[in-house]
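Protein chains in written order, with numbering that gives the first Met the number 0: chain A, 0 to 498; chain B, 0 to 143.
Hints may be right or wrong, so weigh each one.
[Stated by the list, open to error] Here are some chain B residues pointing at chain A (derived, C-beta under 8 Å):
1) 6
2) 10
3) 13
4) 21
5) 32
6) 33
7) 36
8) 53
9) 57
10) 79
11) 80
12) 87
13) 106
What the hints contain is simulated information worked out from the structure, not anything from laboratory work. Note that CB positions come from ideal geometry on N, CA and C, so glycine has one too.
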Amino acid sequence: MDVISNLGLGFSVALTTQNIAYCFIGTLLGTLIGVLPGIGPVTTVAMLLPISFTLPPESAMILLAGIYYGAQYGGSTTAILINIPGEASSVVTTIDGHAMARQGRAGPALGIAALGSFFAGCAATLLIALAAPPLATIALQFGPAEYFSLMVCGLIAAVVLARGSLLKAIAMVVLGLLLGLVGTDMNSGARRFNFGMTGLADGIEFVAISMAIYGIAEVVYNLEQKQVADVVAGALGRVWPSFADVKQCAGSILRGTGLGAVLGVLPGGGALLASFAAYTVEKRVASAPRQFGNGDIRGVAAPESANNAGAQTSFIPMLTLGIPGNPTMAMMIGALMIHGIAPGPRVMTDRPGLFWGLIASMWLGNLMLVVLNLPMVGIWVRLLRVPYRLLYPAIIVFCCIGAYTINNKAFDVFVMSFFAIFGYVALKLDCEPAPLILGFVLGPMMEENLRRALLISRGDPIVFLQEPISLAFLVLAAGLLVVLAVPAIRVRREEALKE
Amino acid sequence: MRIRAPKDFWSGVMFCGFAAIALFAARGYSFGSAGRMGPGYFPLLLASLLGALGVVLIGRSILIGGEPVARFRVLPLAVIATAICLFGVLIEPLGLIVSLAVLTLMSVNGNGRIGGRAGPLLCRRFCLCARASAQCLAEHVEWT
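Based on the sequences and whatever the hints tell you, model everything.
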């Protein structure tokens, strides 16, 4: 079997002492920031981009990936114990998880969250190993026209699934694409949008813009929000759920995993959407007695499994197509580019060690996370007492040092300051920054593919409609937009996203 | 004419502003043709699209109601942004320790709620960390 020999290669990469260490650091950090409210995986991955620069690419990807899926474990701890989502993707866990904690069942809630996540993580990783190679083989045959249409479709889908106004999200995508074009044009060598600043000759530094928006602007925005913590004190009780609990949850975990795995692959999907959808579905299909909202353990198991499955499978489009589905994946693509690896279907054939090593490390990481979360949950609980006012200067300091060290240029620090202000204004105006980051990453690639496609067709734009695959992507994108323009569906989407 | 959706209106203005800057900056780039795209082709396409979206947002904000803009808390933002810029200015002439100290002290007091002991304390801790990690990094560079 091809998969087995490939996974063997993967484990030989993932099981080196160095990579085990980075996997551990990643999952540990992921749990840590997952537990801490107000700092999420996107912020952390952004902050660690400069560090990953000094590592070999395999270790860097293993480290950054560990943070993302590790955060899904940690987020549930905060959600259950203090009724504040440690992570956006554990918002729905607060509903039943905290109710359970109030009833003195915090232990089983934490336990089932960790076990469900572990099952979901392992199953979704298997899905990546099985689904990625055929997908990459298909993608290898894509020409520039197909790629351009795929990017259009991916960006539109990401916008559709994003929160808030559709128009603003599309505008943010376009602005992101424009910002991605700043710097020297790859083709003609012309300098674009540098406004006479030599610092912009190589374009806007990806690390600086992502740290500005997800680090600094978020910090300033969070400083304004007041959250009421409701800490459930006292003993956690038994962490391991009873056999009856596990039996009751088995179906929920399976459903959550399946749904999360599917939603994670979609652009704009990932952990957040998966957890919301899983909770909504679980409320409908779970068998009686239904106690959702009052501490039903299935209301913890389903979204926690789903967010982990979603976090894992969102790597599929990133690894096989080079298309980021969410901001964290955009950062992973940025990290690949920093290492001089062009993201796309060739990563798997050109760097099999990186590709399979990353997948193998996910199993390892999930195993570490169960150990980190179940027996050691007490330590994380104590961490919750760190007040945000002590935490945020650390984030700012980390971002500043990171922005400076990436190129040893003070200019990048100024760029970061500028985009921090922009990011804050955008957040205040309800313009989601996620589409901007996706656009920023895809900007140069999109221009290149558009140029090539039109060069081949001698300037005839009909080429995008003549290639069947390209046409399918464009029809899909147009369909999504039309569907959203229908008011009735728009209302239901808002309800679904609000819930 | 009354603005019914201030959030949409100001977003529209912001997008139009960016579009205008982009169009102005791109005026000298050669456009080329679809078959041989010049450096100005894609930027102009995007900037026009952005401008159009901005105009639609502004237009819609006059016709359809929406949320008001929440109050901006300018001070913390201004203090933190200035602190970051100062860090950039100071790091080369004065080194990491001094610029970190300035950054920490300013950003700690940035939210206007705490002062007192937390600032100097954090500051000391960061500087110690910075020195340790700088040594680590230096060693790391030597290894590789």
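query: Failing hints, ascending?
result: Hint 9 is the one this structure does not satisfy, whereas the remaining hints hold.
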